[in-house]
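As they're listed, the protein sequences go chains A and B. Just so you know, the first sequence maps onto residues 14 to 439 in our numbering. Just so you know, the second sequence maps onto residues 14 to 439 in our numbering.
One or more hints might be untrue.
Remember, identical chains collapse to one label, so a pair may be satisfied in a single copy or spanning two.
Stated by the list, open to error - Taking lysine-lysine pairs in the DSBU-like style, the calculated list, with each CA pair at most 35 Å apart, reads:
| id | residue 1 | residue 2 |
| --- | --- | --- |
| 1 | 287 | 434 |
| 2 | 370 | 434 |
| 3 | 342 | 122 |
| 4 | 77 | 235 |
| 5 | 434 | 310 |
| 6 | 122 | 345 |
| 7 | 310 | 392 |
| 8 | 249 | 345 |
| 9 | 77 | 311 |
| 10 | 214 | 185 |
| 11 | 149 | 68 |
| 12 | 185 | 392 |
| 13 | 312 | 43 |
| 14 | 77 | 352 |
| 15 | 28 | 364 |
| 16 | 149 | 434 |
| 17 | 68 | 312 |
| 18 | 312 | 392 |
| 19 | 122 | 249 |
Bear in mind the hints are in silico, worked out from the structure with no lab data behind them.
There are 2 protein chains.
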Amino acid sequence: MQIYDYYKDLIESGKMPEGTRLPSIRRCAKERNVSKTTVEQGYMCLCDDGYILPKSQSGYYVSKRGNTTKKTETKEETASQKNAILYDFASSGVDAESFNMDIWRRYLKSALRQGERLLFYGDPQGEYDLRREIAKYARETRNCVCTEENIVIGAGVQTLLNILCPLVKNKKSVCFDDLSYRQGTAIFSDYGFKVNDNREKSNIIYVSPSYSTRWGDVMSVKDRFDLTDFARKNNKLIIEDDYGSEFRYFNRPTPSLQGLDGGENVVYLGTFSKLLLPSIRISFMILPKGLTEAYMKKKDLYNQTVSKADQIALCSYIRDGHLNSQIRKSRKIYAQKSKILTDLLAENFGKTVTILKTNSPLYVRCKFNINMTTEAFCKSAEKSGILLIPANTSEEYPEIAFSVATVGQNNLSNAVILLEKVVRNS
Amino acid sequence: MQIYDYYKDLIESGKMPEGTRLPSIRRCAKERNVSKTTVEQGYMCLCDDGYILPKSQSGYYVSKRGNTTKKTETKEETASQKNAILYDFASSGVDAESFNMDIWRRYLKSALRQGERLLFYGDPQGEYDLRREIAKYARETRNCVCTEENIVIGAGVQTLLNILCPLVKNKKSVCFDDLSYRQGTAIFSDYGFKVNDNREKSNIIYVSPSYSTRWGDVMSVKDRFDLTDFARKNNKLIIEDDYGSEFRYFNRPTPSLQGLDGGENVVYLGTFSKLLLPSIRISFMILPKGLTEAYMKKKDLYNQTVSKADQIALCSYIRDGHLNSQIRKSRKIYAQKSKILTDLLAENFGKTVTILKTNSPLYVRCKFNINMTTEAFCKSAEKSGILLIPANTSEEYPEIAFSVATVGQNNLSNAVILLEKVVRNS
């Protein structure tokens with residue numbers, strides 16, 4: 014953390030004004046005689062906490078946010094400080110340290126050595142061998158019923174929806190439990206679907222059963238069976254966006270709707286962007302038999318959107334077991350951070366806090382026994398640079414969820430201490 | 014060519030039946046004591062001519078087509094030989110040898126070293142610095158009127174149309190000069206546009222002025238001005254798909270419609286897949302001011318579809334001048350092949366052939382002074398494994414165009430000799 018603290022002080026004290034360029038990782042490592050990884054992680058934490066911003070190819074620069082930090086911590090009341098985010102417990106990002114970039118780099122390099130193969134247009138549906146690996150992965154980890162024939166690969170879930178929507182055009186309406194998921198609703202609106210949040214009134218039901226609340230609640234097996242039965246009886250198509258399912262469960266995950274339904278009435282959507290890097294755009298879709306046939310008739314009309322090198326790399330990466338170990342590793346890191354945060358909350362807030370149960374290693378959820386609305390609580394925390402997830406099911410006490418995804422383990426303590434100060438002063 | 018001939022014989026003689034695996038490039042090079050590049054090129058030619066097929070990660074295998082080749086050359090009449098393509102002069106692919114994979118590999122590798130940057134979600138519009146380079150490139154090579162603000166990057170033209178269509182939904186009809194371009198028409202149909210080939214009756218005019226005929230005719234400057242005037246007067250939006258423009262011109266290319274129009278009433282579409290590798294999926298769109306504003310309001314709804322590493326690599330690749338030299342190099346290769354093909358035709362057909370003018374280094378166009386329809390001519394050539402482009406503007410003589418894109422320089426002679434035999438026997 015020495016790197017982190019060193020620059021944090023320089024920036025907060027204003028000695029490094031907004032826009033100042035930080036030394037390159039290589040130079041910094043050399044000057045301060047530490048490993049490049051140390052510097053890299055230091056810089057990454059500074060990014061996480063908003064002190065600096067990466068600029069393409071030219072390195073790191075002090076951010077506006079960075080300079081306002083000091084002020085924020087002193088005069089917390091001033092509303093104009095909203096932009097100073099110190100600790101983001103509302104992030105849906107990934108833990109920077111959990112991903113082993115070197116391994117991925119190695120696989121992509123060897124993919125690029127397959128010169129000849131890269132000279133040919135790929136299968137619009139996605140490379141056969143990658144589809145085979147994904148089908149295997151979906152069967153083993155999510156109980157999905159599928160073969161490589163049912164799988165379509167695309168650069169992000171939206172690209173896949175652009176293929177799916179025309180195939181289900183006859184169904185004119187879609188229900189989103191969470192209408193705030195604009196990136197999903199927008200695509201359907203673009204195709205002229207009626208978007209609402211009423212399952213009865215819709216022909217398509219778009220759900221994220223592994224993510225039924227923002228604090229990681231998952232749909233119970235019973236509810237899943239009820240939903241698939243309901244959909245089947247009323248001839249409605251289910252689109253299961255299983256985004257993030259990998260981190261929603263402590264132990265054995267609940268089977269996917271697609272699996273419980275037997276894969277006949279459910280379109281399954283999965284993505285690797287959250288598992289690997291947000292900047293790697295690879296998602297997949299599992300189509301039921303009927304839609305698979307409809308797709309095969311049209312498939313040549315839609316070019317594949319994922320570069321072949323990425324597909325080849327991911328295929329070997331999964332085949333060699335790196336995906337699974339990556340998931341295990343992240344799960345462990347998240348569970349660890351949740352444990353630490355839980356202890357810190359108990360320690361700093363004592364009787365004021367009651368820890369609530371969650372079924373996701375990514376989230377800590379608790380109730381503060383103070384006379385305040387959840388909304389007011391989150392607002393005053395945000396004023397001090399702490400973003401929280403409102404999780405209020407009751408109105409009596411503020412109920413809050415913390416996502417430990419992106420906040421570094423070393424920052425948890427400072428975050429809780431600051432939060433305690435906020436609560437005390439409000 | 015020794016590698017090529019060696020396996021060609023083994024395959025044609027049936028000594029290597031369909032599905033037989035060829036030795037790995039490394040092993041083959043070692044056994045036959047030649048460079049890996051030699052083997053690689055030998056294999057590539059075998060692929061070009063359909064003797065073998067690359068199978069993902071597991072190497073090369075003898076194709077069905079390969080085994081039928083022998084029969085094809087002997088009994089040319091049998092109609093059942095359609096699948097035996099020896100020389101594809103109708104291809105819209107790229108020349109395998111013209112692309113320097115090593116350079117691209119180097120840039121992608123260094124892009125992957127920017128670990129920190131890859132941890133962040135990118136700009137939905139595309140990385141700022143890549144957009145800047147593309148804007149510069151479009152201004153310099155295609156006279157486009159644009160800045161990085163007007164540019165949207167996407168994984169293929171279709172992905173960009175998926176963003177554009179909703180923005181122009183109010184215009185309910187689109188005209189394609191070439192309705193056979195299903196991959197374009199399909200997207201508009203998906204969004205409920207009326208697709209036709211009548212400019213008067215359409216609100217959007219989709220054109221490829223650099224590709225107005227299959228044999229590389231380009232739209233004249235006068236016609237371009239007429240079109241932009243027509244569109245402006247009748248309040249129609251032009252979508253200029255400038256696909257392949259880089260190879261459509263011998264010297265200074267005709268300015269783009271977007272440039273001639275001043276960039277106010279034209280959406281410009283460009284792609285790098287043809288310039289680099291078909292398997293690299295990067296395209297861009299230049300929006301007019303009005304649509305740019307409309308896009309900015311919605312941009313956060315559409316995730317970027319191109320992996321960030323590819324974007325970073327392409328940015329430096331262009332910045333360092335490799336794109337331009339790559340284009341120059343390919344142009345030279347194509348012009349060279351066209352010259353050789355022209356000479357071979359004159360040599361083998363004598364008075365029977367009249368070479369016609371084309372304005373693209375990619376194409377050779379000629380008229381055969383024999384009593385036969387163009388269609389019949391192409392048919393009998395295809396029976397012998399030669400794919401040609403029918404280019405008949407008159408009905409008296411067969412008029413044919415040859416694309417030299419994918420046929421290896423070393424195969425031109427054999428191709429023309431075979432074609433001469435076909436013509437003689439028919």
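Checked hints:
| no. | hint | result |
| --- | --- | --- |
| 1 | 287 with 434 | within (33 Å within a copy, 59 Å between copies) |
| 2 | 370 with 434 | within (25 Å within a copy, 82 Å between copies) |
| 3 | 342 with 122 | both (23 Å within a copy, 26 Å between copies) |
| 4 | 77 with 235 | neither (49 Å within a copy, 52 Å between copies) |
| 5 | 434 with 310 | neither (62 Å within a copy, 39 Å between copies) |
| 6 | 122 with 345 | both (28 Å within a copy, 30 Å between copies) |
| 7 | 310 with 392 | between (52 Å within a copy, 27 Å between copies) |
| 8 | 249 with 345 | neither (38 Å within a copy, 58 Å between copies) |
| 9 | 77 with 311 | between (49 Å within a copy, 25 Å between copies) |
| 10 | 214 with 185 | both (10 Å within a copy, 28 Å between copies) |
| 11 | 149 with 68 | between (39 Å within a copy, 20 Å between copies) |
| 12 | 185 with 392 | neither (39 Å within a copy, 46 Å between copies) |
| 13 | 312 with 43 | neither (53 Å within a copy, 41 Å between copies) |
| 14 | 77 with 352 | within (33 Å within a copy, 60 Å between copies) |
| 15 | 28 with 364 | neither (41 Å within a copy, 83 Å between copies) |
| 16 | 149 with 434 | neither (50 Å within a copy, 52 Å between copies) |
| 17 | 68 with 312 | between (39 Å within a copy, 20 Å between copies) |
| 18 | 312 with 392 | between (49 Å within a copy, 28 Å between copies) |
| 19 | 122 with 249 | neither (44 Å within a copy, 47 Å between copies) |
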